[in-house]
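First to last, the protein sequences are chains A and B. Note that my numbering has the first sequence beginning at 1, numbered continuously upward. Note that my numbering has the second sequence beginning at 1001, numbered continuously upward.
Worth flagging that the hints you see were computed from the coordinates, not collected in a lab. Values in this document were obtained by computation on a predicted structure and should not be read as measured data. One or more of the hints may lead you astray.
Unchecked claim - These stretches of chain B come out as covered by chain A in the derived footprint (C-beta under 8 Å, 3 or more residues):
hint, region
1, 1152-1161
2, 1185-1194
As the list claims (entries may be wrong) - If you only want the chain A side, here are some residues facing chain B, beta carbon under 7 Å, derived:
hint, residue
3, Ser42
4, Arg82
5, Leu101
6, Met159
What the hints assert, rightly or not - Calculated from the model, a selection of chain A residues having no Cβ within reach of chain B, i.e. all distances over 12 Å:
hint, residue
7, Gln21
8, Arg51
9, Glu74
10, Arg211
11, Ala216
12, Val221
13, Glu223
Backbone N, C-alpha and C define an ideal beta-carbon position, used for all residues, glycine too.
Okay, here's what each chain looks like letter by letter:
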Amino acid sequence: MTEQLGLVVLDHVNKWYGQTQALKDINLSIARGEVVVVIGPSGSGKSTLCRTINRLETINEGTITLDGRPLPAEGKALAALRADVGMVFQSFNLFAHKTVLENVTLGPIKVRGLDKAAAEKKARELLDRVGVAGHAEKYPAQLSGGQQQRVAIARALAMDPEVMLFDEPTSALDPEMIKEVLDVMVGLAKQGMTMVVVTHEMGFARTAADRVVFMADGAIVEEAAPEQFFTNPSTDRAKDFLGKVLQH
Amino acid sequence: MDAVRDNWRDVLYAFGLTVEISVLAGVIALVLGFLLGALRVSPVPVGRAVAAVYVRLVRNTPLLLIMLITTFTLPVLGLRPDINLNDWFGIDSHNRMLNLNFFVLCATGALGLYTAAFVCEAVRSGINSIPIGQAEAARSIGMTFGQTLRLVVLPQAYRAVIPPLTSTMIAMTKNSSVAVGVGVTDATFQMRKLNNDNGDQILQIFVTFAIGYMILVFLISAVGSLLERRAAA
Ligand SMILES: Nc1ncnc2c1ncn2[C@@H]1O[C@H](COP(=O)(O)OP(=O)(O)O)[C@@H](O)[C@H]1O
Ligand SMILES: [Mg+2]
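Could you put the whole structure together from the sequences, leaning on the hints where they help?
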């Protein structure tokens, strides 16, 4: 049974927004240490997929389990689950009223119960790892997009998550900043982090991904190893999509 | 004979009672209003519904009617009009400035309940002015709803909430004058009394009381701008 193998397992998941079906019978099992890139046209349900995994969105049918545990409903148990699932947003969403250091220590102190000194020590190590150690005392608005996104990654890592979700982490960035963020993500992948990454960065998919999942109209249309997917996709939808994307 | 000058003590006492009612109602309104505001954005549908219905109901009911309801239905429900909190706090029941008799309590409670609906809406709009991504990021690192609100959303909403809350508190202070309708001897009551006794000086008396209310409102505005400036720093 895949249910025992996967760290994150989605089983016959359906989700509607009113009349629109955003997820159609999604079955996906992500193994510990695996890096899965999710790709597909706008509106195909990629964000929704990410957001259901840490239950920022609820699902209507099916089950999602993390390490064998089904996602709890609202409340303390759900909060605890979210602490184990890191999320990086397209728009960074750093806490605007907190310094970079506070952004990274807030969760460990308030959610994990770490003392301030320990949380700050760990935060500075993480900020160093993502290359923004020099900006610890600044506020998010004083940083470039690429720097903010790296802080957001550090903030998520500070919780020691079991899996990290990235929803188009480089889509809001200027081209010259994309690489600095992708480099951090490649590093994470190499260190064995379990990752679900919504991105159209094929370079990243080729270097870091174990598997590419192609979505269209809320359904998973094709799953393949990156090289195979990009050079020889098996479905027409994927061929069509790649044709459009590669023209640019 | 100068009605205001001859009765300045009564005028002062009456304004004292207005201040007392406003302060107590303000505390009720702020505490209840923030709780309702939090309920309004809570993940629990029942909580959201309760807060929404409260605001709908209370905002669409005239304040005088709410005061009449508290004053006249509580006795029907068994709370006797001779109940008061004066003994509790060691207040002389003849003290006109500081008095917690049944009518003052009912009027104050009604004013607090009524104003809470407006506080709730100010808090809600302040919360809604903060991008949703802030709350989502907080939830994503495992914060509970309460932590998200307290640590991330409200500190940012604070600045946006102060100006409408100041207006709400000003409106509340002026609305306290409605309490005269249920027999509370506040500033407006005293104004009417003086007018009845001194028909020749109506204009002076009106102006005096208008200035009195203006001073109270000015004080609230001053506190509001002070908080606003501190929040901006
Ligand atoms: N909050 C929402 N309310 C209503 N419809 C939504 C909402 N979020 C997404 N949708 C719809 O769900 C579908 C999938 O959206 P999304 O997951 O954001 O796609 P993607 O991330 O692949 O662009 C789209 O049709 C979108 O319009
Ligand atoms: Mg999206």
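We went through each hint and held it up to the structure:
Counting residues of the region 1152-1161 of chain B whose C-beta sits closer than 8 Å to any C-beta of chain A gives 3, which meets the bar of three, so the coverage hint holds. With 0 residues bearing a CB less than 8 Å from a CB of chain A, the region 1185-1194 of chain B misses the requirement of three and the coverage assertion fails. Interface restraint check for A/Ser42: the shortest CB-CB distance to chain B comes to about 19 Å, outside 7 Å, so the restraint is violated. Hint on A/Arg82 holds. Least Cβ distance to chain B is approximately 5 Å, under the 7 Å limit.
Interface restraint check for A/Leu101: the shortest CB-CB distance to chain B comes to about 15 Å, outside 7 Å, so the restraint is violated. Annotation: A/Met159 was flagged as interfacial toward chain B, and the flag holds, the nearest CB pair being 6 Å apart, inside 7 Å. Chain B leaves A/Gln21 outside its interface by the beta-carbon criterion, the shortest separation being 22 Å against a cut-off of 12 Å. Not every C-beta of chain B lies more than 12 Å from that of A/Arg51, the closest at about 8 Å, which undercuts listing it as non-interface.
Not every Cβ of chain B is farther than 12 Å from the Cβ of A/Glu74; the closest lies at roughly 5 Å, contradicting the non-interface assignment. Distance check on A/Arg211: its Cβ is at least 24 Å (rounded) from any Cβ of chain B, clearing the 12 Å threshold; non-interface status holds. Every C-beta of chain B lies more than 12 Å from that of A/Ala216, the closest at about 26 Å, which supports listing it as non-interface. No beta-carbon of chain B is positioned within 12 Å of the beta-carbon of A/Val221; the least distance is around 28 Å.
With a minimum CB-CB distance of about 26 Å to chain B, A/Glu223 clears the 12 Å threshold, and the non-interface call stands.
When each numbered hint is compared with the structure, violations occur for hints 2, 3, 5, 8, 9.
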